[in-house]
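Hey, can you piece these two chains together into the complex? The hints should help.
Residue numbers (the working numbering), protein chains in the order written: chain C, 183 to 705; chain F, 9 to 397.
It is worth saying that the hints were derived from the structure and are not from the lab. You may find that some hints are simply not true.
To be verified - Okay, the calculated bits of chain F under chain C, using three or more residues with CB under 8 Å as the criterion:
| id | stretch |
| --- | --- |
| 1 | 171 to 181 |
| 2 | 211 to 221 |
| 3 | 238 to 251 |
| 4 | 277 to 285 |
| 5 | 331 to 337 |
| 6 | 343 to 354 |
Everything numeric in this text was worked out from a predicted model, so none of it was measured. Every residue, glycine too, gets a C-beta built ideally from N, C-alpha and C.
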Amino acid sequence: MNRSLVMRAAVIVFVVGLAAYWAYPPETKIKQGLDLQGGMHLVLQVETDDALKSETDKEIDRVLRDLEDAGATTVQAERTGNIAFRLTGVPAASKEKLTEEILGGDEWEWSVSGTTVDVNLKSLEESKLRDLAVRQALETIRNRIDAFGVAEPIVHREGLGGNRIVIQLPGVDDPERVKKLIKNTAFLEFRLAKEGVPSASSREQLVAALGGTVPPDVEIMVQNNRDETTKDIVSQTYWALEKRTVITGRDLKTARPTQGQFNEPNVSFILTREGGRKFAEVTGASIGRNLAIILDQHVISAPTIQDRISDQGVIRGDFTFQEVQDLVTVLRSGALPAGLTYLEERTVGPSLGKDSIEKGLKAGLYGSALVVLTMLVVYTFSGINAILALGLNVVLVFGALAIFDATLTLPGIAGIVLTIGMAVDANVLIFERIREEDRAGRTPKSSIDSGFGKALSSIVDANITTLIAAMFLFFFGTGPIRGFAVTLSVGILASLFTAVFCSRWMFDLIYARRQRVDHISIG
Amino acid sequence: MRFLTETNINFMKYRGFFVWFSLALLAVSGVELIAFKGLNLGIDFAGGTQMTVALRDEVSTDELRRQLADAGLGDAVIQTYGLPEDRTVLIKTPVVAGSEEGSAVVITRALGTALNNGDAFDLNQRGTQAVAELLFEKDPDGLRGGDEAEARLHYEETTAALLDARQPVFRSMDELDAVSGLSDATRNLLKQETVLGAFNVVGAENVGPQIGEELKQKGIWAVALSLIGMLIYIWYRFELRFGVGALVAVFHDFLITLGLFGLINYEFNLPTIAAFLTLVGYSVNDTVVIFDRVRENMRRHRRKPLVDVMNDSLNQTLSRTVLTSGTTLLVVACLFFLGGEVIRGFAFVLLIGIVIGTYSSVYVASPVTLLWEKYFSTEGDQVRKAGKA
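Isolated chain F (complex conformation) (with noise of 0.2 Å):
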């Protein structure tokens, strides 16, 4: 199927109106960075404290927060985690003055206090080693009367078929009858001297200040050098005029797509700024394939106007440009839809910014590149000097 071949859009006829739209767009995400919510920081540069937890049974996320808050972490975000039958909540909460543990200690305290009864062995939360040490203890196959090292062995294999079966809670004690691998007097045992917690953590992150600190400031330098890097590459391959069109371009896509990622209040944390990078490549990339046409047509027809030079171009790379951007969208749009809770954030700003990026190499970067020229281009024979790569 060919498509958009040998189109003739005069797109720089339309570029007085798309640069107040772009002024526009980056207005609203000045006003939201500045001076509106800002960027909702995760607890990778903010600090804190984040946890997974798989319940048992289905609670509501105000029950947990009035335990919680009645447990003296009243600050706590409590909010579902994936889809509502897998019952897990994420549970954040900020950095703890002087405590150095960070809160996970305290939340799973609160937790097992306000829903859990009594301290004995809960088999949905206990881990691999105390799960085989107490089969070991217990000894419900009877063989440590013989060889030590087998009966540790054969209660270790048999640990690692139960907890393979725990995805990631029992939510009772019959789903024991399933599983295979267990003797019937494991069964038994497990049944009469262990209890099935309310809730199992699933996974916690503990960040303390200083830590979240040092990732901010490596999060600045490696978004400031990139820039560099991206400058320097954009000076050394264009002239002047080109690479002031490509950085604006840049510059536009990464500030816009910031300000809407803080406006649509995701987290902002580490691969949140891996996204950014990547963006930031893509957009240069996208311009940088457009050029390189104006900059070959240009050597080819000395005479035309640089305007037409660039609708001539734009049109060329027309195909390429949807096509290619169509393809990245489709994989970024299945991360965002189907790659988990973990990676939405980081697919959100590469939906967003191939979008943005697109648009700003057919409607930043050229009418810049007309501007500078018109403004000023000393020289007006610099379009014959084009081809100097």
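Chain C extracted, bound-state conformation (with noise of 0.2 Å):
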């Protein structure tokens, strides 16, 4: 045997033979995308408007409680905007020392006209509140997610510096749990009832117990209270609260699943050093009196202070087994540092992608078969060369997707099911000129030559179109489309190698080397 078909053949041979090797079994070594495999893709937007506001707001608080120690008394603060405040009412006498001292530093910028103050964030730090803020929220997501317990979880945030998280949870079969989860600001606080002012039932009871009006420092919240084996609301307890916090969420150091005494799913929890220290002076101080655990502005229970707590506890309130374990997780996840919004959802059932995968691969199957049968009509015994090419192909096209760990998705597999059609198109290509140059009286070695040797421009040039039109759809397109420009790329490609390459080999083989062929079997 010639040794250039020798070496070609070793070409081949290691090349599908690497192939194969990358894309077996399927199953583990196909990455398959969400539509495929079941599961949820969400796009959340990160409000990180919110998160500014409350940092101006802290700012506020700061720059008041400075400019009392500072003996400036009567200064009014008002948010102007997100990022801005206005101070009115400054005395003179203190402006230096708002300006130099209290509101020095880098970050914010001031104007002054009379008594009156605007502070502005600078535009720099606003922005880096902003990327602080987005990554935070990745920060807790993630955790909460693999607290949840999800097998390879994607999240991560979309484009640089933007504002919106892309999650991808396979197998997820509940989302509806799983977007609550994620977007629970479970935002935990515990503040002391005014004292002397018990619950009641209703909002105009308590406000007639508080004399008529509600005082600046005090807040009506509600308390839902629920049947305990249907969970139905069944009555509502209004307390009047304290404004201030005694400690909120960022003071719990640990929380924990337990069971009360009658197996009732609770929460216990350990405070941090300095939570601890200011719970043990708040309840040391406030026995007999209730103590108020808000969850998201809904009073959960209201206990009576017993004695002084250091630096644990129980939440007791009326939960399910399944809303303990989320609100551990939460809890321990730490807060949301602002608000998020679904851009967008898509969740598929493990059951609807089962059905696209049997369905695709039941089309690509037929369609092989029409594909192989028209080849072998057509072209007879050329046709089987045809053919192997197309196995190989198919072979190599899930070499690539393995190896690039490129994801296989519904268009995706519609991608290789079109190259099936399409690839064959090399063949053809070649093979009808191979007729051609038989016709024309051409010996058949000269025929397979010259016959390859005309047809590939037509074939670079055909295969570029689609190639060109391929890659928009990958910059372009996302998820599942770009499963399908990339399997599509993949598979013309592939089918340059198999159709040029692998198919000449073949021809080679079986023509070439014998002195005197009479004949070749092309239909």
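Okay, here's the thing in structure tokens:
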């Protein structure tokens, strides 16, 4: 046998073997998109304005406190935008103190006119804060998803410096629960009830007990009482609570699910050292008063303080088992710095994904069978050559998907099926040329030579156009569509190798080594 | 089998007729796209909610429509999905103003209120985590006295076996008896403590208006840039008149397919864009192969008029054209009929597009080139210079 034939055989065996090795077994080696394996795809927007507002509010508090310490007690403050506030009634004596010391540093800029001072966050600081909020949200969401227990979750920020977070959760089949868990602000706080004002069953009753008006340092909050078995809300209790919080979720070191004496699910928590110190101080001084535990603006429970509590406690409420699990997850993961908005959600159940794979495979198998049949009828023995090339093509596509870690999606499967139809084009172009040369009375060897030679430019031309389209599809497409662009491009590149290189080798193997061949079996 | 070999059809003789034929098709598409129905934009571009819901019992779409209208979702579109025995429906609602989360939650709740009674644990709708937690909590196999982690693992495996059998709804509790991997105690617990709800949401998509608008922009860019990409490629590869012919053919295929797609009222979504881009590539591809041959023949027969060279070339490439279009059509037809609902629209574009694209390679690209030659070509001897590449 000719040396070049052996060399080329080695190349083909090597390439195809490598592809097969990479791709086998496809169930584990090829990554499936969420549309095939089932799961959840979410795009969230972090409302970074929230974070700016709360940062500005904090700054207002600090500035007022510092001014008070400096003797300026009459200053009024008002937030005038996300990152701006106005101080009015600033005495002349405190102005220098305010601008030089209190607002000093590089974060804020201000303008003074009379007794009014307008304060603005510098734009560099603004973008830093926004960035920080997104990074914190990302971290918190990651913690929550890890705690929920999803295999191979993907949580990443979209683009550089964007305020969107993309989440992909394979296999998740309870989207509502996951969405709630992710978005849950779970803002936990402990506040004392107003001394001497018991809870009431209506707002009016409570306001009357307060003496007709709600004092500025008091806020009325509602507790929903639920039926023990059905968990429906059966009644509401109104509480007059101090606005000042004793501790918040940030003071928690850890939380875990526990069970009470009747096996009812509760959450127990341990405070940080600082939190414990504050808590002990307040509870020690307030024995006999009610301490309200507030989650997201709703009173969960408001037990009477029996004793000084230092660093641990239990939150009792009408929780279900699942609510306790989720609450613990959220409390442990830390608070979200800003609200989240769902921009896009796509959930595919496992049964739908399985169905898609089955249908895609079926379409692919029937399609291939029809193509194979056509090639055999039209090109007889040479058709087998084309069919082998087609088979190799599919192996190469899977190998490439596996090694590039590309994701196979439903449109991706359609792309492979389509490639099967289009990949024979290269073979057809070559075979038709060979037939023409054959008709023109050339010898088989020379027909094959010039058939391959002349068809090459058409093959390259024809495939480049499809590659151009696939390239733009890849750049502008998302998710499943990218999967299509990938399989289509890979399929076309693989078809160049199989149709031009592999088919040629097969022809040469059969016809070229014999000196006298008087007929090419090409239909 | 050899077919269509050494044909000698005078394709160009009928070009006058087909030019009018194409213009008529273009006019139909234009009217459809601009003045008639336009495109039926799916939620990918229009925003909104789309849910696939598997039902336990047969419920008519009219009944469902009434239930949803009662819940304030009067504009919901409901259609059956897949085969009738799958008892699956597709529910679509437009973007709800002010509701960032779309209406999946609202639809689920409305269906729940209408079709289910009570808040008992719904074995048809609850997810893996919830079922595993229920089993762990109730502990029918009595494992929690020992190793907690092992007990958890045991119930997770039980849940996996159970939910694998849910395809995608249990129609009766008797189906549990056939599930292997469940202990009798677990089976009894499930039968007592859970109910089989009337439906299971097997797929849900919410696309906010903002994302919809972005996807639309991206889609337009992708199509526009790939058309420009083709233009540049053709410009580089061929001299002007061939380029004009090929380009007109591409736009012709694109517009007519788009018009027919709108007329048939299939939903235009992300996979449809992919199909259109593929079509653009395919259409150029088909034309390029023919023009390659024209160029080659012009070099060989320098004295022949262009129209004859074209006829020769079309005849010589005819068997290839038919065969390639044929095999591609075969697989696309398989995708259309067997590939499932999700890619039916995608396959439809290619089905129509390949037929139109093949036709246009013969009867649009070539006649346009000849027309250009007749009216705009100033140098008669351009034919001779055709072999530049």
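Consistency of the hints with the structure:
Proximity of the stretch 171 to 181 of chain F to chain C, defined as three or more residues with a beta carbon under 8 Å from a beta carbon of that chain, is established by the 4 residues found. For the stretch 211 to 221 of chain F, the proposed coverage by chain C is satisfied: 8 residues have a C-beta within less than 8 Å of a C-beta in that chain, meeting the threshold of three. Evaluation of the coverage hint for the stretch 238 to 251 of chain F: fulfilled, as 3 residues show C-beta separations to chain C shorter than 8 Å, against a requirement of three. Coverage of the stretch 277 to 285 of chain F by chain C holds [criterion: at least 3 residues with CB-CB distance below 8 Å; count 5].
Counting residues of the stretch 331 to 337 of chain F whose C-beta sits closer than 8 Å to any C-beta of chain C gives 6, which meets the bar of three, so the coverage hint holds. Under a criterion of three residues with beta carbons nearer than 8 Å to beta carbons of chain C, the stated coverage of the stretch 343 to 354 of chain F is upheld, 8 such residues being counted.
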